[in-house]
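K.L.:
Read off the chains here:
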Amino acid sequence: MIAVNDRLPEATLIRIGPEGPEEVSLLSKLKGRKVILFAVPGAFTPTCDSAHMPSFVRTADTFRKKGVDEIICISVNDAHVMRYWGETTGAKAAGITLLADADGAFTRALGLSFSNPKAGMFDRSRRYAMVVDDGVVKAFDLDELGQCQISTGEALLSRV
Amino acid sequence: MAISIGGRLPEATFATMGAKGPETVSLADRLKGRKVVVFGLPGAYTGPCSTVHIPSFIRTAEAFRKKGVEEIICIAVNDPFVLKAWGESTGATAAGISFFGDADASFTKALGMEFTAPHLGLVNRSNRYAVVVEDGVITAANIDKPGECNISTGESLLATL
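Sequence order for the protein chains is W and D. Number 70 in this note's numbering belongs to position 89 of the first sequence; there are no gaps in the numbering. Plus 58 on top of the position in the second sequence (first one is 1) and you've got this note's numbering.
Hints are computed from structural coordinates only; laboratory data are not their basis. Any given hint could turn out to be false.
[Said to hold, decoys possible] Here are the computed distance ranges between Cβ atoms for each label pair:
| hint | chain 1 | residue 1 | chain 2 | residue 2 | range |
| --- | --- | --- | --- | --- | --- |
| 1 | W | 135 | D | 71 | 36 to 46 Å |
| 2 | D | 62 | W | -12 | 51 to 61 Å |
| 3 | D | 152 | W | -17 | 38 to 48 Å |
| 4 | W | 42 | D | 82 | 37 to 47 Å |
| 5 | D | 71 | W | 6 | 31 to 41 Å |
[Stated by the list, open to error] Examples of chain W residues toward chain D, derived with CB under 10 Å:
| hint | residue |
| --- | --- |
| 6 | 27 |
| 7 | 29 |
| 8 | 60 |
| 9 | 61 |
| 10 | 62 |
| 11 | 63 |
| 12 | 64 |
| 13 | 66 |
| 14 | 84 |
| 15 | 92 |
| 16 | 96 |
| 17 | 97 |
| 18 | 100 |
Note that the structure is a prediction, hence the values are computed from the model and not measured. C-beta: ideal position from N, C-alpha, C; glycine also.
My request is simple: use the sequences and hints to build the entire structure.
P.N.:
Here is the structure:
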């Protein structure tokens, strides 16, 4: 599993650009920058929708005042779903970037996948938040399955 | 198992959203002794699915019911949370359309309808099809070519009844 002081692996993530879906290199986002990365089990799932995402919408400005260049939310969903979720939660308006780990490869590479077949969730991401400085993990808070406590925006603020 | 008239759909269970959260539903249970429309599409919130395919079944839902169709089921390789939100935002839930999540794509693969477009972030998704199923037997089938949304619309399927 990924740990503090590790360098994040390169990953190709997807977002919806002006021309439709486009690939984004994660390393190009991280190089020489201070980035908050947080991940959720799924767009439109109750806790992600009502607690996790709102915590970063509330704290986005404070993170920026502390020198954070970008706040990125990653989920194993497709980019179409992420785009609409970003709009309905207010995350897009708050300047949060949503990137789709559509095939789950990045999440698996970090050792953070889980499945809950009963809920129709396969190879999804556990809930975590990290501070990444020039590609290196400086803080990493991983919530227990089913919880949303230490990976919230407010909890991570104290680590920046 | 290809889709063919006189054939049957593969046995499958799906994730759907119940009053208390995600539930598992058996397709066979929903088909037994009933006349049902089943249609598949690439994904919630993708362009033509939201703007063309789903609206075509919202427009025709009443006409299908008048022709004896007891349920209209949309199947997509999405989870039930996404499908619930999409069903509500498109008006499909209000039109009485059911959404079944083929979350691990096993049904779509068994049907031979899956496609993957990595650069679009679509993995093991479903091409478009629409079928009428009577007591488990396929009595009408309209299968679109990959990337198209022509003959699998509500209006086109309705014309076969």
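K.L.:
Of the numbered hints stated previously, which ones are contradicted by the structure, given in increasing order?
P.N.:
15
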